[in-house]
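Residue numbers (my numbering), protein chains in the order written: chain G, 10 to 567; chain P, 10 to 567.
It is worth saying that the hints were derived from the structure and are not from the lab. Just so we're clear, the structure is a prediction, and the values are computed from it rather than from any experiment. Please note that a few of the clues may not be correct.
It does not matter which identical chain is meant; a pair holds if it fits inside one copy or across any two.
To be verified - Simulated crosslink set (EDC-like; lysine to aspartate or glutamate; CA at most 16 Å straight-line):
#1 404 to 354
#2 64 to 359
#3 404 to 17
#4 24 to 362
#5 404 to 40
#6 250 to 553
#7 328 to 451
#8 353 to 248
There are 2 protein chains.
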Amino acid sequence: MAHKTDIEIAREAKKRPIQEIGAKLGIGPEDLLPYGHDKAKISQSFIDSVQDRPKGKLILVTAINPTPAGEGKTTTTVGLGDGLNRIGRKAAICIREASLGPNFGMKGGAAGGGYAQVVPMEDMNLHFTGDFHAITSAHNLLSAMIDNHIYWGNELDIDQRRIVWRRVMDMNDRALRDIVTSLGGVANGFPGQGGFDITVASEVMAILCLASGLEDLQRRLGDMIVAYRRDRTPVYCRDIKADGAMTVLLRDAMQPNLVQTLENNPAFVHGGPFANIAHGCNSVTATTTALRCADYVVTEAGFGADLGAEKFMNIKCRKAGIAPDAVVVVATCRAMKMNGGVAKEDLGTENVEAIRKGCPNLGRHIANVKGFGVPVVVAINHFVTDTEAEVQAVKDYVAEQGAEAILCKHWAQGGAGIEDLARKVADLADSGSANFAPLYPDAMGLFEKIETVAKRIYHADEVIADKSIRDQLRQWEEQGYGNLPVCMAKTQYSFSTDPNLRGAPTGHTVPIREVRLSAGAGFVVVICGQIMTMPGLPRVPSAEAIRLNGCGLVEGLF
Amino acid sequence: MAHKTDIEIAREAKKRPIQEIGAKLGIGPEDLLPYGHDKAKISQSFIDSVQDRPKGKLILVTAINPTPAGEGKTTTTVGLGDGLNRIGRKAAICIREASLGPNFGMKGGAAGGGYAQVVPMEDMNLHFTGDFHAITSAHNLLSAMIDNHIYWGNELDIDQRRIVWRRVMDMNDRALRDIVTSLGGVANGFPGQGGFDITVASEVMAILCLASGLEDLQRRLGDMIVAYRRDRTPVYCRDIKADGAMTVLLRDAMQPNLVQTLENNPAFVHGGPFANIAHGCNSVTATTTALRCADYVVTEAGFGADLGAEKFMNIKCRKAGIAPDAVVVVATCRAMKMNGGVAKEDLGTENVEAIRKGCPNLGRHIANVKGFGVPVVVAINHFVTDTEAEVQAVKDYVAEQGAEAILCKHWAQGGAGIEDLARKVADLADSGSANFAPLYPDAMGLFEKIETVAKRIYHADEVIADKSIRDQLRQWEEQGYGNLPVCMAKTQYSFSTDPNLRGAPTGHTVPIREVRLSAGAGFVVVICGQIMTMPGLPRVPSAEAIRLNGCGLVEGLF
């Protein structure tokens, strides 16, 4: 089975009409707004109508720190959803939408892999249902209105040096990172410095993913800080009067998208905030709607558990009033070997010793997740080169940590290959053993929150920050933002801020380079290291090979 | 009836499921890709399947030079389509899509007005089916790839001072007209001057609207000139290897959109190129597909007949191998009075003399259209303040020109108010009296083509242009572009290049400010006067009032 490519497998999918997929969750055709025959948005009226239903069980799929070997988090999320359906549980998955721009740089992100995929894959990597375009429009409308406000007299007294609202585009375009705008004379405004981020980095994206509904969306949009005055008082989006029109532009985008897995099970694909300067999870609306339609909802969070699961717990769950009933940590033998010091080209050779050496990375993630009061199980995402001894080494290590590791073959076999994990996860979720609590209370000071994450999750010794950064945090506390959670932006490759430090490092320090207030999204972004918010294209962008073939199919995207 | 607003009337529409509308044209549900329940794209396979069918009759709706009084060209197009269906003819209309950005500046463009509208109006003025977003993405991918090519070594030897490919955004953002990009150091590339146009001004938009299919689309995209080398040889989009990926991004956008009129008749709404620097008509794909599904297709062209109809004939018809069977010139008593010198605030007062004085503007358009060999009828779009004597004055004048003017009350009465015109148009189209020929042959020199349009359509005495412009035209002729038609960009308010010169001026000169080669779209743009390709927002943008009301309906957009 393993010799077919993801795209070949996806093209052979026997997709069912999206109305049939909706019917599995009790969503009637009138509540599905179709986009073609295989995609639909779920109507706002349906979402409103299910608010009082009991919630299903929530399962989070997270992972070890990513390595070039790959760990297969989305693949496992998809597979586990199919596996749960296969063992007779009514399950749905919730994942993020893909950003369009990066697909033209490196080959595109399939949604899952092998026999655990979501389709239609091509659409999902291109315009899909237009959500990201709507976010781009809403974001840039605000940008245009800010400059227009200044152009016509600047009644709000905006300090033009202190405009913090940039522009966005869903494209990898490094030339737009740092620009000067409004050249060319009087009719074009006041020259000033600006720049573009990629759309997924927009605060509007984070807000869309955290808002409980359209009213909350508009309130949060209004709360965004776009600039400061000379006296440092903030100017809000609401002052620019852009919040209403932005909400109109985002109305359709707020409705979650429904698609299907290769096994015709429902998949919610909605929202896609950055996992560093934002919280990296699919939308609250999608997750809470899915929870009211399915008995089990499998979702994932970006990067490894140190970033993704931490934010899922401390930001998304806290804000949305939801809690995971079980957590799956995905690992692979190959990634364990890399953590144990093996080079990528040697991953095909059995090396039990390296696995034992690399496992502490997994162990720390297990312990961290347990610290949130939720039961954990490890999924070993099987690769054909894995040996029995290697798999056993991971299982033994995990058992020593007081958890269980289960071998999963969903990549090669679909839902049939992951039934054991599905049964275990269902048991854990049904057991009621979860007793979720976020890592820190709202009332804790902002710097203390950062320290708490750094020490308890990253196992760092200390957090270092300039006085100006500490002063900034204190000022926000005085302005009433002290109750916000912190959103850590650091490398995803290590528990530390050094991407080359694999395994489970201790004794490191976490230096804070910058802090930013996302007042609408409702978190303080803490930047530790270089974070790129507008990627560039590589020397040979994948776009050069992307084209339609003679049958009208897309080539080169995957 | 007349006291309801357009939006109130549109909201009361009894929309039918889009599959029913498709069925009227023999398009089965499998060939309709739904976007919600009231919009659909028509599948490429359906389009391919009807290529050998006989074509219906094509009716062009054009107008006098627009005045602030309004002439109601789209309203008449929609009304005429409904009228034809009412008298038992199988008719469809073809109009352009609306640009999103400008709706946030001034109140938005409804598609028609009164009881002659296309719905869903809100969607059509917002994201609709995402076509313009796709064009924005495709255009900006090319921009990113050009800068990326230079960043990685500039193998094509592009002269960075001679990059002619700008960026686009569907937003009124004057700050982006003239910018400096790639500041911030080595990683961001080489600083350079750039800028954004609004998406409808993109050559990609013009190409999408002129391409006969996906292959032709990719060929034309490849033909676009993006920059020049030091030796002035052109660098094409194809050299950047962006044409394939751009085609992929535009695949769905190439499929025409189907919606409906208030009377549930089919409306194709597809493409929307600028009517000055481009040809200002809906897509060739939509028009030719409609012609193979309906017996009568009513379409319109931008601005007055001097710009819109001229380009429809000389660019769209020539390129697409189609020809109008009849032309409707829309006029109003109010506009005739304005052309006769009456101020806007006095338009409510009867003034037959002013009408007689203003009618020559209409007369010249009639004669111009006849010059293409097609039969003409005038539609007097009725306003409640029109007096019988005024209407009669227009009718008499038109009769003197050897044509007929018919009073139309579609705005107040829908299709029932325009049956007389519908019958006349059907008779004209069926009569076979049309003997269409474009104004000039392909083989004519570029400057001569400009002179031909200026003299025969604008009735100017001469065309003036600097030597550098004449040299440029000659150079393009030498490079093989001499066979292209010219696309005139001048004010829409006058036959001359002076927007204040109403009526039917003679003896004026047409000064050429600039010429541009749209090698992919296949025309030479001739700029006469100031043409703005990126609008700004007004002091109080309509966006400030746009919001969702308590019922989830959009307020402030219209």
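Against the structure, the hints come out as follows:
no.: 1; hint: 404 to 354; verdict: neither (24 Å within a copy, 85 Å between copies)
no.: 2; hint: 64 to 359; verdict: neither (44 Å within a copy, 69 Å between copies)
no.: 3; hint: 404 to 17; verdict: neither (33 Å within a copy, 66 Å between copies)
no.: 4; hint: 24 to 362; verdict: neither (44 Å within a copy, 69 Å between copies)
no.: 5; hint: 404 to 40; verdict: neither (45 Å within a copy, 52 Å between copies)
no.: 6; hint: 250 to 553; verdict: between (42 Å within a copy, 5 Å between copies)
no.: 7; hint: 328 to 451; verdict: within (11 Å within a copy, 66 Å between copies)
no.: 8; hint: 353 to 248; verdict: neither (53 Å within a copy, 36 Å between copies)
Violation of the numbered hints given earlier is confined to hints 1, 2, 3, 4, 5, 8; the remaining hints are satisfied by the structure.
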